[in-house]
Amino acid sequence: MAALTIAAGTGNWFSALALGVTLLKCLLIPTYHSTDFEVHRNWLAITHSLPISQWYYEATSEWTLDYPPFFAWFEYILSHVAKYFDQEMLNVRNLNYSSSRTLLFQRFSVIFMDVLFVYAVHECCKCIDGKKVGKELTEKPKFILSVLLLWNFGLLIVDHIHFQYNGFLFGLMLLSIARLFQKRHMEGAFLFAVLLHFKHIYLYVAPAYGVYLLRSYCFTANKPDGSIRWNSFSFVRVISLGLVVFLVSALSLGPFLALNQLPQVFSRLFPFKRGLCHAYWAPNFWALYNALDKVLSVIGLKLKFLDPNNIPKASMTSGLVQQFQHTVLPSVTPLATLICTLIAILPSIFCLWFKPQGPRGFLRCLTLCALSSFMFGWHVHEKAILLAVLPMSLLSVQKAGDASIFLILTTTGHYSLFPLLFTAPELPIKILLMLLFTIYSISSLKTLFRQSFTVVTQAGVQWH
Amino acid sequence: MEKWYLMTIVVLIGLTVRWTVSLNSYSGAGKPPMFGDYEAQRHWQEITFNLPVKQWYFNSSDNNLQYWGLDYPPLTAYHSLLCAYVAKFINPDWIALHTSRGYESQAHKLFMRTTVLIADLLIYIPAVVLYCCCLKDISTKKKIANALCILLYPGLILIDYGHFQYNSVSLGFALWGVLGVSCDWDLLGSLAFCLAINYKQMELYHSLPFFCFLLGKCFKKGLKGKGFVLLVKLACTVVASFVLCWLPFFTEREQTLQVLRRLFPVDRGLFEDKVANIWCSFNVFLKIRDILPRHIQLIMSFCFTFLSLLPACIKLILQPSSKGFKFTLVSCALSFFLFSFQVHEKSILLVSLPVCLVLSEIPFMSTWFLLVSTFSLLPLLLKDELLMPSVVTTMAFFIACVTSFSIFEKTSEEELRLKSFSISVRKYLPCFTFLSRMIQYLFLISVITMVLLTLMTVTLDPPQKLPDLFSVLVCFVSCLNFLFFLVYFNIIIMWDSKSGRNQKKIT
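Sequence lines, in order, name chains Y and F.
If you want this note's numbering, it's the 1-based position in the first sequence plus 871.
If you want this note's numbering, it's the 1-based position in the second sequence plus 146.
Derived by calculation from the structure, the hints in this document are not laboratory data.
You may find that some hints are simply not true.
Just so you have them, the derived chain F footprint on chain Y, three or more residues with Cβ under 8 Å [stated by the list, open to error]:
no., region
1, 886 to 893
2, 899 to 906
Heads up, incomplete: computed chain F residues facing chain Y, CB under 7 Å, no partners named [said to hold, decoys possible]:
no., residue
3, 151
4, 153
5, 158
6, 165
7, 169
Calculated lysine-lysine pairs in the PhoX-like style (CA-CA distance at most 25 Å, straight line) [as the list claims (entries may be wrong)]:
no., chain 1, residue 1, chain 2, residue 2
8, Y, 997, Y, 1054
9, Y, 896, Y, 954
10, Y, 1013, F, 433
11, F, 149, Y, 1013
12, F, 287, Y, 1317
13, F, 200, F, 234
14, Y, 1165, Y, 1175
15, Y, 1317, F, 288
16, F, 433, F, 367
17, Y, 896, Y, 1013
18, F, 461, F, 370
19, F, 149, Y, 1317
20, Y, 1094, Y, 1054
21, F, 288, F, 565
22, F, 461, F, 372
23, F, 367, F, 469
24, Y, 896, F, 529
25, F, 565, Y, 896
26, F, 529, F, 469
27, Y, 1054, Y, 1270
28, F, 288, Y, 1013
C-beta atoms are modelled at their ideal positions from N, C-alpha and C, and glycine is treated no differently.
When you get a sec, could you build the whole thing from the sequences and use the hints?
So this is what it looks like as structure tokens:
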């Protein structure tokens, strides 16, 4: 009620947007949830009922703990609230327990944690310069960015239907980006280090952070032509950054180092036995590779180039998570994917090092790292596309070129999330929300850049 | 931003909210032997599909009228028949005679909810969009905000998509009627309204204002010339539409009479269950339902209803205007709701629709009324386990209205259309300057009472001796609010002079 009076009193559009999407999330509570719901219930049970030494060894359920320790501590804290809702969910043996109170608690915990995401979006809006494009509120870049982030279709269906905790994690990432924009580098580095120990998928974008901080923070000045000035290297900064990362890692992994459990933790965090592609293929390069392999093998069988007895029986499309070999094309190893990813991010890293363009250049590099890792990574989930879509939103409201790329990326990325929700009652929801977001993003960005486009082309200036 | 993009987004938001509400429980879910309105609608599909038209409204071994007998006019029956054909195509078990009683499954729920959505999308939502686009003297942004607020009105969403009914069809037709008549397409408007009446007989609550407005228009055009022609054309349209809808039932006198008996069950008493009208509230103090004989009750409710709506209707005949018409719709429907016979709590939707239409004129009072109308449905919604969607949609509606219309800034006498009234009162009572402040305080008290009562109903158990305590309290409080609104709307209508209409509109 207090929030309502605040929103009512000040007429603050940001609060209205945030409250509106929160109410929508409450309406999504009774929707279908995936096995990820049971995953998190299991982790609540593990962290609550078992001592730390058992956390990464517990395997009663197939959904073992495979996130870094900070997330485990987060679940531990949540479990202390959970016990007031339904004590039974904290029993490790209660597999697939989903009473209505459990559902309510878990859904509300996701909605509540999104507060961090809302705060991060608020900070990001401060980093967007309010150009004089349109006095109308709905045409301001801040407003458009807020809607694109707060009402992001992918985040809504992955977090609040499929069930995950990406909201506050992306909040941490966006907050660290905002801090870098605000030249508060230490905070940004700290937030990113913390984020890494919540969910290690953000390693995808760690190169961008590393190179940017090294180049633009540790080297305090540039030569007039923009190239590096080696004697401006600041040891203090490097050491303080290293100290921050070290302390965060120590806090996170320290207990497990003391228990000599580090190898076990790492084997849980990086399960390379899971196969090149997830059960549902992420729409990345390896999906095309697999498809090509399949086509070639079919052709080969038809034209009698291949011996049917040599073809492995397991199929990549069977929906199982497993390793197996390709038939015609060479098999792909984790190392090969790493090399491909590194090659893909090399151009942007080079640019970030040799031609730094401040925080905006960093953001571009981050988006490219996320996209490259998505395209060439090992065992990528299709949800990982959000890692590229959300930072790209920040770029999209500032340049017309970025806006058009963003529209293609976000529309296809969101559409690729459709297979996540395959039940009939959710079909109208995903179609309606997808249409809502797509129509809004296209029309608002088109309106935003229509004026600047006409102004600039009239002046005859080339923009890119 | 161009209008159509925004309007599409508003409609999409409305549809999303509707569908997510429909994921919840429905009336009578898992409660044999009678179940609820959901089962009633399924049963009507079964009856209309399997039995010949002659037997639809009659008691027979195949059609037990005690088990959800048809009690809506023929158009509902035809709609059920249409849905039944689709059901037959998907899964005949859903409408198999006798064996499908109490049929409940996920697939069937999906089917039923989809029928509501399609009916809504085809009839109600286009009417709302067109209505908002045709509003005069307000900016495009306000029109779109208006559409958003109307589409987010919780009462209709919760009853249609939660409890399960097809109010959007009849209300949609009524809205097409209002549109037609306001834009001077009188014949189409009256045709649409006749369809509305033939879908649900409760639309008769709106019939008097339609009649008075059209009559007033005829008088204005002059009864000797164009007016008379219009009158005849309207009469023909009405008669023709009724004949078309009732064609299978006009063949025998007994058919027609039986249908009328089903539509107007005068045997059922002054009111049933708990409803936020005068008789139920009065019954708390004096058990009039039991004291007075049936025919006295009928006459009493008839008199009170007509006495309360007469002034507004007469004014509408003498001074027909589109604005006056909408306000008269509100006051008439409210009079019927408060004083009429056999009123159900869902009939408040018949008042809510006209109030939605005047949202842009008096945003503060309309929002207040619409919140109270949703609150009055609380006992019903709690019975259907719709607490979470109710709270969420109410909050969403409130936020939408507050941000769209800045309602808390529009509480001056001028904004509330009470200027002429307070000027008249000040002739006798010079100190009567506190009207605006009084209304703001009343609003605060009303909202606090509603929130408290909701919390109490949800968290506490009623005392043993008074098991219906909270329902009765909800009805009583709502009734008081409604009486206040009845007085308010009548004041607006009566004091709305020509000079008032010529004043500069403040948006």
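Given the hinted pair residue 461 of chain F and residue 370 of chain F, is their alpha-carbon gap at most 25 Å?
The given pair, whose Cα atoms are some 22 Å apart, holds under the 25 Å limit.
Quickly compare the C-alpha distance for residue 1054 of chain Y and residue 1270 of chain Y to 25 Å and report which way the hint goes.
Holds: residue 1054 of chain Y and residue 1270 of chain Y sit about 21 Å apart, inside 25 Å.
Given the proposed pairing of residue 1013 of chain Y with residue 433 of chain F, does the C-alpha separation stay at or below 25 Å?
Answer violated: residue 1013 of chain Y to residue 433 of chain F is near 61 Å, above 25 Å.
Hint check: residue 896 of chain Y vs residue 529 of chain F, CA-CA at most 25 Å. Holds or violated?
Judged against 25 Å, a Cα distance of about 23 Å means the pair holds.
25 Å limit on alpha-carbon distance, applied to hinted pair residue 1094 of chain Y and residue 1054 of chain Y:
20 Å, holds
Residues of the region 899 to 906 of chain Y with Cβ under 8 Å from chain F, three needed, outcome
holds (count 4)
Taking 25 Å as the top limit, are the C-alpha atoms of residue 565 of chain F and residue 896 of chain Y close enough?
Violated - the C-alpha atoms of residue 896 of chain Y and residue 565 of chain F are around 43 Å apart, more than 25 Å.
Is the straight-line distance between the alpha-carbon of residue 288 of chain F and that of residue 565 of chain F 25 Å or less?
24 Å, holds
Decide if the proposed pair is consistent with the structure: residue 367 of chain F and residue 469 of chain F, CA atoms, cutoff 25 Å inclusive.
Given that 25 Å is the threshold and the Cα spacing comes to 19 Å, the pair holds.
Below or equal to 25 Å on CA atoms is what counts here, so check residue 433 of chain F against residue 367 of chain F.
50 Å, violated
If you count the residues of the region 886 to 893 of chain Y with a beta-carbon closer than 8 Å to a beta-carbon of chain F, do you get 3 or more?
holds (count 3)
Against the 25 Å threshold, does the CA-CA distance of residue 1317 of chain Y and residue 288 of chain F hold or violate the hint?
22 Å, holds
In the structure shown, a violation is registered for the earlier hints numbered 4, 10, 16, 25, 26, in ascending order.
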